[in-house]
Structure formats: C-alpha cells, structure tokens
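Let chain A serve as the given structure and place chain B on it in line with the hints.
Next come the chains, spelled out residue by residue.
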Amino acid sequence: MSLVAGVVAVQGDVEEHASAIERTAESRGYEVDVREIRESGIVPACDLLAMPGGESTTISRLVHSEGIAPEIVAHVEAGKPLLATCAGLIVASRDAADDRVDELELIDVTVERNAFGRQKDSFEAPLSVDGLADEDPYPAVFIRAPAIEAVGSADVLASWDGRPVAVRDGPVVATAFHPELTPDSRVHGLAFFDNEAAFVPSLENTVR
Amino acid sequence: MSAETDLEELRRGTDLVKRGFAQMQKGGVIMDVVDPEQARIAEEAGAVAVMALEAVPADIRKRGGVARMADPADVEEIVDSVSIPVMGKSRIGHTKEAQILEAVGVDMIDESEVLTPADDAYHIDKRDFTAPFVCGARNLGEALRRIEEGAAMIRTKGEAGTGDVNQAVHHQRTIKGEIRRLEGMSFEEREAYAREIEAPAELVHETPEMGRLPVVNFAAGGIATPADAALMMHHECDGIFVGSGIFGAENPPVMGEAIVEAVNNWDDPEALAEISKNLGKGMKGDANVDLSEEEKMQGRGV
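Line by line, the protein sequences give chains A and B.
Numbering of the first sequence is given in my numbering, commencing with residue 25 and proceeding in unit increments.
Numbering of the second sequence is given in my numbering, commencing with residue 17 and proceeding in unit increments.
Please keep in mind that the hints were generated in silico from the structure rather than gathered at the bench.
Source: prediction; values computed, not measured.
All C-beta atoms in this analysis are idealised placements derived from N, C-alpha and C, irrespective of residue type, glycine included.
Careful: at least some of the hints might be erroneous.
[Unchecked claim] Reference listing, derived: stretches of chain B covered by chain A, where coverage requires no fewer than 3 residues with Cβ under 8 angstroms from a Cβ of chain A:
no., stretch
1, 28-38
2, 42-49
3, 62-73
4, 206-219
[As the list claims (entries may be wrong)] Away from chain A, derived, C-beta distances all over 10 angstroms, residues of chain B:
no., residue
5, Arg79
6, Gly109
7, Arg189
8, Ser292
9, Gly296
10, Lys300
For reference, chain A alone in the conformation it holds in the complex (with noise of 0.2 angstroms):
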C-alpha cells in the first residue's frame, strides 16, 4: 500500500519529520511519498499531515500568506490525521495566548509559548506517553518548549512537572516536544497509524 504524506515546510525540521515518517510507514509495511509543503496545492492529495517544530511566528505567518493553511483546516475537517509538534502545536491550538501567531484552532488548547524558559533551560527527559505501542519512556526534547496552560475537549497524552505537553483531539496528536529528533517513532505511529479518531483514504478497504 502506496501512502502520501505531507510535511509542512515552510519553516523547521522538515527533514527530520520526512524521515521520521518514511521509518514509521516502513516499520508498518507501507510505502510511502513525502512531499514537501511550501505552496498551496498539495495538501488535499495528503493521507496524512506534520507541522514541524521552528518559530510559530514565522510558520503562521507564511501557512497564512501561502494560502496553505485553509487546506490544513481541511484536511483534519475531513477526519485525517496530523501530528504537530513544538511551533506546530502552537500554530495548530485553538489560542496561542499572543498575536504574533494567527492560531489555526484545530485543537482545543490554549498554550503559553516558550513556557520552560530560553535555550539555555531547554531539556531532554524520559517521559510517560499514553497510548504509545508500549510503555517503554519516551525520550522527548523539549527545545524553548510550549506547554498547554488549559484543555477543552483535548485529551491529555502526557505532562511534564504537571503541565501538558501532549495531547490528542480528534484526528489531531500534538506534541511540545519533538518525537522526530530521536530515532522513536511511537508518537508518530500514534499519530498516523494508531489514532482510532483519525482515518487514512489510502488505507481505506485494505486489510492492515
């Protein structure tokens, strides 16, 4: 089975979350065509969606300009799914708490940007993440991380020194951490392949 994935790249670790993909569509045994999203166009052939992390500023403000970020809307309006992770959380949260970013209120969160501080308090730490494939910690990055200061209809996936930092609304998983900087790819499996709320066209009608 043949799968179409999209990375949003306008800004951020496009790559890293091209990679993350193909590994996870691998590891399940499907193939997969990550395409790079820098115009509009492109998003309504994707099964599936990533926003990566970088600077919510600048990632709004050119989903906007580029006319990318109705299609984003969309796209989880039709039930597929998106992992947005660090900027993309915040970009993607129905209140990002400042006017510098033009929120795309896909999940019912307000966040509070750059809630653990500058780089230099920037961290890795082993953390609890429900719903993974096992139980295992998972080695998360929080690099000038948000945090989710209040959830509506959101469920919590995990917190951190008792904030949330990973939530699942609907189609939508999203992360203040960034699962495609370290070689596990359970959050992206969640995202793509094990949220129940979430459907792929491609995968439709086969047997998995």
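Leaving out everything else, chain B in the frame of chain A:
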C-alpha cells in the same frame, strides 16, 4: 515511574538539545539588529531569530578599531523585546564574552570573525557551554574543526558588511565540493584527507555518509537581496543570516519580509520576481574585490 524520578532525569545542554535548537532555525532568516525597535521589525517581518549587535558589520567596517561584544544591558533589552530567539556575538577565543552572553540569556552565541579576535591560536571550547554556538567557516576543514570544538551550527563566513554575496557562494561551494570529493574516497584516502585539511578523522568519515555537514549549515556574509538569499538556498544552505542587508536598506520592513518569502520560494522564479519588485534601494555595499587583504574579515580564526 513517579513524576519526581522523571524530573531528576532531566538533562540540559546536551548535543541533541544544542543541535536541535539549530535544526529548528532551518528554512529561516536570522536578522542583525542593534536595538529593540529593529528587533520588533525583524520579528514582524518573519525572522526566526535576531542577532543582537552594537553595530551592523557594514558600520563596524567603517568605524575601524577593536570590535567587541555588545553591552550586555543592550542585549538584555533586545532579549526582553521579542518572543523569537536572540543570538549574540562574542570575539573568537573570548570565553568570558561568551559566558557573559550566556548569563544574559541569549539562545545562541556566534563566535564571530566580524569582531576582533581575542585569541590568535584557539577558539572557545564550546562543549563546556549550555548555550549552543554557531561558527563561521570557509572550507570543510574549518567547519569540522569548529564542530569538534562543539559548534551546533556552521555558517559560511562570506565577507561580512560588504553586501557582496560572492564570498558566501565561494565558501558554500567549497564545502559542498569537498564533501562530494570525500564521497568518492576509500577509507584510507579519507584518513589522509583528514590530515591534509587538519580535521578530526571521525567527522571526516561521518560527513560523506550523511552527504552533508553533520550540523545545520547556514549562509552568511554579504547577503543583501531576496535573490541573494534564494541563491544561497539553491546552493543547499539550510537558512540565511542577513547582517547589514536589512537595516542598511532603504525600507527595512519591506526588505526583511521579502527575504523571508524568498527563502520559502527559492526554487520558484516567478514568485521570486514578484517578491523582488519595488523594494526600494538595497544596501550600497562594497564589492569584495575592492577590499585589501587587511580589510577582509574572513581570514580571522581558521
């Protein structure tokens, strides 16, 4: 596992965390600014980070004398004025300037040839820092020596403050060309090449396997227009530093925004044509060929 145990396993300043910061800057434009107002203009224009300086390289060049780290109070003011990361420049080999910048809270330190070098033989041991570093390089040997010292990002040196992109192109082409040569070499040839370019053998073996530098590789030095920025992306840079090119231009907000859009559309000539229209005058600049050897900054710290 209890939450308390989790917190104790937290680790800061690891290579993964430092290189990860640089990875988040990819596809972005980092702009030189000298005050909070310029920093806000840069953020509004879509910069992924700002470089806080006392003067842009073109002015440092004009002024002459010893160029040092900016006043930490001014850097702090810029840190407090924007939500995007703030970088600061220390002199080559000046461990104390770098520690001061780290203490002020900058997100990345540029050990930069634009300032007057403090040490004519050694660079800063960057592995001791929690803050990540970016360093300039003209060729693969310089790049890999800096990575060995702990740099989390490499940028071309170019020739800062000139508005002439020629040297940035030259340095990027040199680095990519050397990586391509390595790809065709046997193990023994790579060992010999490592000695020839005075680079750590381990990194010389790792680089051709990755087909690129092992850390993020930005362009810097002389980039003055959207077309210049697109050219450096065409040469496979991961992103762009713009020094004097934005606030030395007639209309900085418009020039800044255009360079950000050009980096996203570097392979779309029609979009670049639209982006490049009606931007006002660019920085005047000095062609690299007109500089005497003493006036060039790129030979500092090899």
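Comparing the hints with the structure gives:
1. Requiring three or more residues with a Cβ within less than 8 angstroms of a Cβ of chain A, the coverage given for the stretch 28-38 of chain B holds, as 7 such residues are present.
2. Coverage of the stretch 42-49 of chain B by chain A holds [criterion: at least 3 residues with CB-CB distance below 8 angstroms; count 3].
3. Interface restraint, the stretch 62-73 of chain B with chain A: holds (4 residues with C-beta to C-beta distance below 8 angstroms; minimum three).
4. Requiring three or more residues with a Cβ within less than 8 angstroms of a Cβ of chain A, the coverage given for the stretch 206-219 of chain B is violated, as only 0 such residues are present.
5. The Cβ of Arg79 (chain B) lies farther than 10 angstroms from every Cβ of chain A, with a closest approach of about 30 angstroms, so its non-interface assignment holds.
6. For Gly109 (chain B), the shortest C-beta to C-beta distance to chain A comes to about 22 angstroms, beyond the 10 angstroms cut-off, and the non-interface label holds.
7. At roughly 21 angstroms from the closest C-beta of chain A, the C-beta of Arg189 (chain B) stays outside 10 angstroms, upholding its exclusion from the interface.
8. Residue-level check passed: Ser292 (chain B) sits 16 angstroms from the nearest beta carbon of chain A, beyond 10 angstroms.
9. Look at Gly296 (chain B): its CB is around 20 angstroms from the nearest CB on chain A, clear of 10 angstroms, so calling it non-interface holds up.
10. Consistency note on Lys300 (chain B): stated as away from chain A, and its beta-carbon is indeed over 10 angstroms from all of that chain's, at 28 angstroms minimum.
Comparing the model with each numbered hint stated earlier shows that hint 4 is the single one that does not hold.
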